[in-house]
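Taking the hints into account, I'd like the entire structure generated from these sequences.
Residue numbers (this note's numbering), protein chains in the order written: chain A, 1 to 413; chain B, 414 to 579.
Derived by calculation from the structure, the hints in this document are not laboratory data.
Predicted model, so just to flag it, every value in this text is computed and none were measured.
Quick reminder that beta carbons are idealized off the backbone N, C-alpha and C, glycines included.
Possibly wrong hints are sitting among the right ones.
[Unchecked claim] Calculated lysine-lysine pairs in the DSBU-like style (CA-CA distance at most 35 Å, straight line):
no.: 1; chain 1: A; residue 1: K180; chain 2: B; residue 2: K553
no.: 2; chain 1: B; residue 1: K489; chain 2: B; residue 2: K461
no.: 3; chain 1: A; residue 1: K180; chain 2: B; residue 2: K422
no.: 4; chain 1: A; residue 1: K13; chain 2: A; residue 2: K151
no.: 5; chain 1: B; residue 1: K573; chain 2: B; residue 2: K547
no.: 6; chain 1: B; residue 1: K460; chain 2: B; residue 2: K422
no.: 7; chain 1: B; residue 1: K448; chain 2: A; residue 2: K381
no.: 8; chain 1: A; residue 1: K381; chain 2: B; residue 2: K489
no.: 9; chain 1: B; residue 1: K417; chain 2: A; residue 2: K151
no.: 10; chain 1: B; residue 1: K422; chain 2: A; residue 2: K381
no.: 11; chain 1: A; residue 1: K70; chain 2: B; residue 2: K489
no.: 12; chain 1: A; residue 1: K381; chain 2: B; residue 2: K573
no.: 13; chain 1: A; residue 1: K151; chain 2: B; residue 2: K422
no.: 14; chain 1: B; residue 1: K578; chain 2: B; residue 2: K460
no.: 15; chain 1: A; residue 1: K70; chain 2: B; residue 2: K460
no.: 16; chain 1: A; residue 1: K254; chain 2: A; residue 2: K314
no.: 17; chain 1: A; residue 1: K405; chain 2: A; residue 2: K163
no.: 18; chain 1: A; residue 1: K13; chain 2: B; residue 2: K578
no.: 19; chain 1: A; residue 1: K381; chain 2: B; residue 2: K578
no.: 20; chain 1: B; residue 1: K556; chain 2: A; residue 2: K46
no.: 21; chain 1: B; residue 1: K489; chain 2: A; residue 2: K78
no.: 22; chain 1: B; residue 1: K553; chain 2: B; residue 2: K488
no.: 23; chain 1: B; residue 1: K417; chain 2: A; residue 2: K78
no.: 24; chain 1: B; residue 1: K460; chain 2: B; residue 2: K547
no.: 25; chain 1: A; residue 1: K159; chain 2: A; residue 2: K13
no.: 26; chain 1: B; residue 1: K578; chain 2: A; residue 2: K329
no.: 27; chain 1: B; residue 1: K422; chain 2: B; residue 2: K461
no.: 28; chain 1: A; residue 1: K151; chain 2: B; residue 2: K573
no.: 29; chain 1: B; residue 1: K488; chain 2: B; residue 2: K463
no.: 30; chain 1: A; residue 1: K70; chain 2: A; residue 2: K336
[Stated by the list, open to error] Computed beta-carbon distance windows for the label pairs:
no.: 31; chain 1: A; residue 1: D161; chain 2: B; residue 2: I415; range: 52 to 60 Å
no.: 32; chain 1: A; residue 1: D22; chain 2: B; residue 2: I415; range: 28 to 36 Å
no.: 33; chain 1: B; residue 1: N534; chain 2: A; residue 2: K70; range: 42 to 50 Å
no.: 34; chain 1: A; residue 1: G49; chain 2: B; residue 2: L441; range: 14 to 22 Å
no.: 35; chain 1: B; residue 1: E457; chain 2: A; residue 2: E345; range: 43 to 51 Å
no.: 36; chain 1: B; residue 1: G465; chain 2: A; residue 2: A234; range: 38 to 46 Å
no.: 37; chain 1: A; residue 1: E341; chain 2: B; residue 2: K461; range: 48 to 56 Å
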Amino acid sequence: MSLTLAEKILSSKTGSRVEAGDIIVTSVDLIMAHDGTAPIAINQLKELGLNVFDPSKIILVLDHATPSPKETVSNLHKMIREFAWKNNIKLYDVGCGVCHQILVENHVNPLTVVLGADSHTCTHGALGAFATGMGSTDIAVAMGYGQTWLKVPHTYKIKIDGKLPPHVYSKDLILTIIKKITASGATYMSMEFQGSTLKHLTMEDRFTIANMAIEAGGKTGLFPVDETTIKYLANTGRSTNIRLEPDPDAYYQKELELDATQLQPVVAAPDQVDNVHPVSELEGQEVNQVFIGTCTNGRLSDLQTAARILKGNKVNSRVRLIIQPSSAKIYLQALKTGLIETFIEAGATVNPPGCGPCIGRHLGILADGEICLSTQNRNFKGRMGNPNSKIYLSNPEIAALAAVKGYITNPTK
Amino acid sequence: MILKGRVWKFGDNVNTDEIIAGKRLLTLDFNEIAKYAFEAIDPEFTKKVKPGDIIIAGDNFGCGSSREQAPIVIKKLGVSAVIANYFARIFFRNAINIGLPLIEAPGAYQIINEGDIIEVNLTEGVIKNFTTNKEIRFKKIPKFLTEILAEGGVINYLRKNGEFKI
Ligand code: SF4
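Structural data, given as structure tokens:
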């Protein structure tokens, strides 16, 4: 039988042919936890009575509430730091950026298994790694044993052909896919992206898409390893000659075909990610805050898109615009290329790299009755810290435009 | 394993932010955090729920983040099991890992109302509704996961077995 990308990676890892539905034990190449999930993992590892099996395979990141807003958080940060120092584990401290961006920039390789104590670990699948989110206890077990158990997932094939029209971004593509298959359409499944559109998608585009696989319930979001991947890896010091493609007649439990040329810019309305509408339907919706950042859309190309709109314009006096680069590296590039200057001149606030308002811990919590348009991946009730506020999701162009106008605006007009 | 309790009913797509908001996760004091469980859906829930109660929900319960505090607060409230048509996968693993029984029983939602007294037999795969005298069967979870649950979670399971026995 021919294999999907997920089956190929897991077969190569376990050294024997595995198929969807098999329950396997596999070794793990990279394990990540952040300040929201590492403390429980550290305690559970202690409960297990084990030390870390291999510190070089573990990465800890402080990103969810950074710099610390509160003494209880400071104490958790201290606990993580001391654990990392004691065990010789690589720690990315406050200001380095969002865990997923740090990992794809520096650590993830194709044909590996990556476990992260964070649901958006599926982002790394854009590099051809079987990357999936788990909870703290699973991560503790992986830290102690170097192994995990998992069910080889069935695969949802998403075939996209043609080039995206102007004003339509990878965010619109993935939001449209989630609308079509619903917020639980790929539950327990690997989402595998294929088709002629892929060659037009940069690595940054692919990260945005893979990032949101979990918003359809997906276990991971996988891309083939092609020239784009190889170039990205080489440019970030990870030369490889691995190529990865699914077998032509692999079995797919579900399939979706999309014509990219027919897509339009979209916005997800509250409170579900699959509540997606063409931007034209939501035009005029006033916003109080606009947030551009996160592991979904806080990369350099996203900031460039926002800067194109903001250059020479001012943020509407009734709107707060918060921009948060996803990593220190991106922040520095944005600084050197003048994007940060553009943002400040337009009246935006630039947060230090990290998660910030995305998860509602600090640096941009909404008031009762307020509306935020965000480039993040989730608009659940209360996600940004206040259940009496509402969150819309969009690409960075629509977000920047709304910050200037004060309401959701159709960029194609 | 047989569990008997009174039912609380939730809808579809109950997400982890609704089970416990991100802003509540700033401490490891789980008893403190548990006071805020489900606050976005029903701020009074934690006052009403009693140890042994059972939650029943529709599709995709636990979708969203990987936060283990979601099943932890449910367990802390004394909820003995959660029944749903199906669960989001990270939540499913997290719950089993900490020893909170989950039952995927499509159709149970239709025959069980809030306040009903039900009995869940995990070993036989049967739910009995004592209030309406209806019964429904469900597909038992794999033996390997039942063993983890029987040990009260994966930590105890591994301390006993030393490895995953699949
Ligand atoms: S940016 Fe938001 S979605 Fe991404 S890891 Fe941080 S909190 Fe999670």
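Structure-based check of each hint:
| no. | hint | verdict |
| --- | --- | --- |
| 1 | A:K180 / B:K553 | 31 Å, holds |
| 2 | B:K489 / B:K461 | 14 Å, holds |
| 3 | A:K180 / B:K422 | 28 Å, holds |
| 4 | A:K13 / A:K151 | 14 Å, holds |
| 5 | B:K573 / B:K547 | 39 Å, violated |
| 6 | B:K460 / B:K422 | 15 Å, holds |
| 7 | B:K448 / A:K381 | 18 Å, holds |
| 8 | A:K381 / B:K489 | 23 Å, holds |
| 9 | B:K417 / A:K151 | 30 Å, holds |
| 10 | B:K422 / A:K381 | 19 Å, holds |
| 11 | A:K70 / B:K489 | 25 Å, holds |
| 12 | A:K381 / B:K573 | 41 Å, violated |
| 13 | A:K151 / B:K422 | 30 Å, holds |
| 14 | B:K578 / B:K460 | 40 Å, violated |
| 15 | A:K70 / B:K460 | 27 Å, holds |
| 16 | A:K254 / A:K314 | 46 Å, violated |
| 17 | A:K405 / A:K163 | 29 Å, holds |
| 18 | A:K13 / B:K578 | 19 Å, holds |
| 19 | A:K381 / B:K578 | 40 Å, violated |
| 20 | B:K556 / A:K46 | 27 Å, holds |
| 21 | B:K489 / A:K78 | 26 Å, holds |
| 22 | B:K553 / B:K488 | 21 Å, holds |
| 23 | B:K417 / A:K78 | 43 Å, violated |
| 24 | B:K460 / B:K547 | 29 Å, holds |
| 25 | A:K159 / A:K13 | 26 Å, holds |
| 26 | B:K578 / A:K329 | 43 Å, violated |
| 27 | B:K422 / B:K461 | 13 Å, holds |
| 28 | A:K151 / B:K573 | 23 Å, holds |
| 29 | B:K488 / B:K463 | 11 Å, holds |
| 30 | A:K70 / A:K336 | 32 Å, holds |
| 31 | A:D161 / B:I415: 52 to 60 Å | 54 Å, holds |
| 32 | A:D22 / B:I415: 28 to 36 Å | 31 Å, holds |
| 33 | B:N534 / A:K70: 42 to 50 Å | 45 Å, holds |
| 34 | A:G49 / B:L441: 14 to 22 Å | 19 Å, holds |
| 35 | B:E457 / A:E345: 43 to 51 Å | 49 Å, holds |
| 36 | B:G465 / A:A234: 38 to 46 Å | 58 Å, violated |
| 37 | A:E341 / B:K461: 48 to 56 Å | 54 Å, holds |
The structure shown violates the earlier hints numbered 5, 12, 14, 16, 19, 23, 26 and 36.
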